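Peer 1: Sequences listed follow chains A and B, in order.
Per my numbering, residue 1 is the first one in the first sequence, and the count goes up by one each step.
Per my numbering, residue 1 is the first one in the second sequence, and the count goes up by one each step.
Hints should not be assumed to be uniformly reliable.
It does not matter which identical chain is used: a pair holds within one copy or between any two.
Here are the simulated DSSO-like cross-link-like pairs (lysine-lysine), alpha carbons at most 30 Å apart as the crow flies [as the list claims (entries may be wrong)]:
1) K83 <-> K16
2) K166 <-> K87
3) K136 <-> K166
4) K29 <-> K83
5) K136 <-> K16
6) K166 <-> K16
7) K188 <-> K87
8) K352 <-> K25
9) K192 <-> K83
10) K91 <-> K25
11) K87 <-> K393
12) K83 <-> K25
13) K162 <-> K192
14) K91 <-> K16
15) K16 <-> K400
16) K16 <-> K89
Don't read these hints as lab results, they were simulated from the structure.
None of the values given here were measured: they were computed from a predicted structure.
Below are the chains, spelled out letter by letter.
Number of protein chains: 2
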Amino acid sequence: MMNWDTVFAERTSEMKRSSVREILKLTAKPEVISFAGGLPAPELFPVERIKQATDTVLSERGREVLQYSTSEGMPELRQFIAKRLSKGKMKISADNILITSGSQQGIDMIARVLLNERDRVIVENPTYVGMLTSWKPYHLHFLPVPTDNDGMQVDGIQPILKDQPKLIYSIPTFQNPQGTSLTLERRKQLAKTLVDHNLLFVEDDPYGELRYSGETLPTVLQTEAEYRGATDVDGNVIYCGTFSKVLTPGLRIAWVAAAFPVIDKLVQAKQATDLHTSTLNQFISYEVARDEAFLNNHIEALRDLYRERRDLMLATMDEHFPDEVSWTRPEGGLFLMVTMPQHLDASDILVKALEQNVAFVPCGEFFIGSMGHNTFRLNFSNARPERIVEGIKRLGAVLKAAI
Amino acid sequence: MMNWDTVFAERTSEMKRSSVREILKLTAKPEVISFAGGLPAPELFPVERIKQATDTVLSERGREVLQYSTSEGMPELRQFIAKRLSKGKMKISADNILITSGSQQGIDMIARVLLNERDRVIVENPTYVGMLTSWKPYHLHFLPVPTDNDGMQVDGIQPILKDQPKLIYSIPTFQNPQGTSLTLERRKQLAKTLVDHNLLFVEDDPYGELRYSGETLPTVLQTEAEYRGATDVDGNVIYCGTFSKVLTPGLRIAWVAAAFPVIDKLVQAKQATDLHTSTLNQFISYEVARDEAFLNNHIEALRDLYRERRDLMLATMDEHFPDEVSWTRPEGGLFLMVTMPQHLDASDILVKALEQNVAFVPCGEFFIGSMGHNTFRLNFSNARPERIVEGIKRLGAVLKAAI
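So that you can see chain A by itself, here it is in the shape it has in the complex (with noise of 0.2 Å):
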């Protein structure tokens, strides 16, 4: 018989089943209250409109709809991100957006044409843990920048260049797990410490577009543009964008734009990893999002919706979370971060939670470094507005209990 323990690739041992998707299994019984994953509403899943698109699409190009294609993607979808992409004076082409089967794809390649064993890379402290995931069987050295409400606090970046960092990743933009952004001054900051320094900058980018308070803030890829003079995406940022938070996820379809020859070398990673994105869910997706006025208004009934939630999630919390816990308070996105005292830890509270009917993501493992076991994340766009309020109240008195 074969000794599984020692045929597996010695890169294996830096992986493991991702701690969140594992208690998203935990969350499956409806009994319980979870703002444990990163789910959107189901309940404003535009489920007629894509029933409608699929049938467009298979009545009139069925044969073209499921059969093998591209490994860049289909030319009218890249032709769309390309043209959405180009905010302000941007003018971005075809040619520099590869489709992805979700983000995680696109940041999973990324590692895999740039990063060799033993890289150093600079993440904000706390960063994303599917990105870990994804990199750490690289040998990583990960060199973390410390965060604030302000965001990755940029200044940190110049120290540790000395170390020849080969890139660095960051979600500017309702981080995750912590909902925080990057402020404007930072990223021009940040621009110019790109550029300055010939610095590889990986955007990421699921968020961007579910704003519910606050001035909008231009990409770090139009920020960096702008400090160069220019209105292309040829130079240091590369950005991943995706259908999954502001359509829907199950059709994993997302987006990296880059420079071309980032572009070639990610679709040639492309073909390796599974030759191309599902033709239909490619359709699919264009023929609903090429119809923008559908496709904002949607975006804007989901902020209404998360902007609700938001407001309840922090309302209850000051209520009912005890004066020794601090938390983030975001402009956007999906999460809040909650630290509570040193002496407590995380996945014990969890325990207690989950007891209690309530679940959510230890932050210990978003953390480079021993730090972050007395933080959890917080999802409030999944949870409907009276579970929000139940699971907050018994999350609260296990606090309370508990310091």
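Based on the hints, put chain B in the right spot on chain A.
Peer 2: Below, chain B without anything else, positioned relative to chain A:
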């Protein structure tokens, strides 16, 4: 400005755009008669059935169908595939099945969890170029085993075991590019070799259900279990199957069947790679396939059509190809392979063929070592009969002129 030549990871030196997929782009013009791709016949896609199924799953379970889902795959679909694979005495559990986004992804992730840099891997020669595209960046040593009309020469495995190969990769049934199959006798001999020497075997089986003549053969998965006196998949075979060739490739639904420790590791890789396979496409595929009477009839219709096209291509080749050229005569699958005299180069012939608006895939890149420059692959499933006759006639004329 970024000097992109110096930026990419070292492993990308082994990446390039797949020449097969690049040739496919040339064949997009309607006047080109293409025998290049591995494309199923689109006129047999069950478009209406897929439209109905989509309507059903979106109407009945729309919110679930468009939401994030588990990395392992839809439980009902895993159960269905486990049952369908439980041929003869086999009893396969849903826990032994992982749903992937196409078989290419299964193959790619198998390398990710099993292969260290510079591992030795046994392959039949020629072998599937899509596997090479994915696996070459690990800088592997491929140990080629010659093939003949009875498939891989299994006798050739024993002598190279001293090189401590990590695993064997093969398409035992209707191989790509040759269309040939491993005989029953050799399957039994292979099973014995795998068990006696505790060797891992990756059985890539996209074409197994597409048999047009001859006796049905058991999979190596079955044969190895039988040799072990077992009915499970807890042995040394990792099996990759897909709906791409029997339903449609555009949905990208495939699976890996293997011992649980392998599936468990692959699930971790799947989480890192793209979180999960499209929920919608899994629901559609299950909804269509669970009507097994429909599925089996559909496969029967595919067999009838492809048998006709294979026979027509072979008959036209017999009539119009020069005597100096030989080719395989497959009992199933999508491809046959042509061998020209040594002094001819398939890439040169392709240029001349494209001048006549006929396309095929030169097989040089399917071979390990500097051989195969005089071979090319013909697909017989995709082109309509009149175009098969016309294309083969033109190709015959090109070959006669070149010899």
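Peer 1: How would you label the pair K83, K16 (within, between, both, or neither) given a Cα cut-off of 30 Å?
Peer 2: between (39 Å within a copy, 28 Å between copies)
Peer 1: What label fits K83 with K25 when the C-alpha limit is 30 Å: within, between, both, or neither?
Peer 2: between (38 Å within a copy, 24 Å between copies)
Peer 1: From the Cα coordinates, with 30 Å as the cut-off, is the pair K16 and K89 best called within, between, both, or neither?
Peer 2: neither (43 Å within a copy, 34 Å between copies)
Peer 1: Is it within a copy, between copies, both, or neither that the alpha carbon of K162 lies no farther than 30 Å from that of K192?
Peer 2: Cα proximity of K162 and K192: one copy only (17 Å, versus 57 Å across).
Peer 1: Check K166 against K87 for me: Cα-Cα at most 30 Å, and say if that holds within a copy, between copies, both or neither.
Peer 2: Close inside one copy (28 Å), not across copies (51 Å); limit 30 Å.
Peer 1: Evaluate K91 and K16 at a C-alpha cut-off of 30 Å and name the case that applies: within, between, both or neither.
Peer 2: So K91 and K16 pass the 30 Å test across copies only (28 Å; inside, 41 Å).
Peer 1: Check K136 against K16 for me: Cα-Cα at most 30 Å, and say if that holds within a copy, between copies, both or neither.
Peer 2: both (10 Å within a copy, 25 Å between copies)
Peer 1: Is it within a copy, between copies, both, or neither that the alpha carbon of K166 lies no farther than 30 Å from that of K16?
Peer 2: Result: close both inside a copy and across copies, 25 Å intra and 22 Å inter.
Peer 1: Since the copies are identical, ignore which copy is meant and state whether K352 and K25 lie within 30 Å (CA to CA) inside a copy, between copies, both or neither.
Peer 2: For K352 and K25, only the intra-copy Cα distance (17 Å) is at most 30 Å; the inter-copy one is 57 Å.
Peer 1: How would you classify K188 and K87 at a CA-CA limit of 30 Å: within, between, both, or neither?
Peer 2: So K188 and K87 pass the 30 Å test inside one copy only (17 Å; across, 63 Å).
Peer 1: Are the CA atoms of K136 and K166 at most 30 Å apart within a copy, between copies, both, or neither?
Peer 2: So K136 and K166 pass the 30 Å test inside a copy (15 Å) and across (23 Å) alike.
Peer 1: From the Cα coordinates, with 30 Å as the cut-off, is the pair K16 and K400 best called within, between, both, or neither?
Peer 2: neither (33 Å within a copy, 58 Å between copies)
When the structure is compared with the earlier hints, violations turn up for hints 11, 15 and 16 and for no others.
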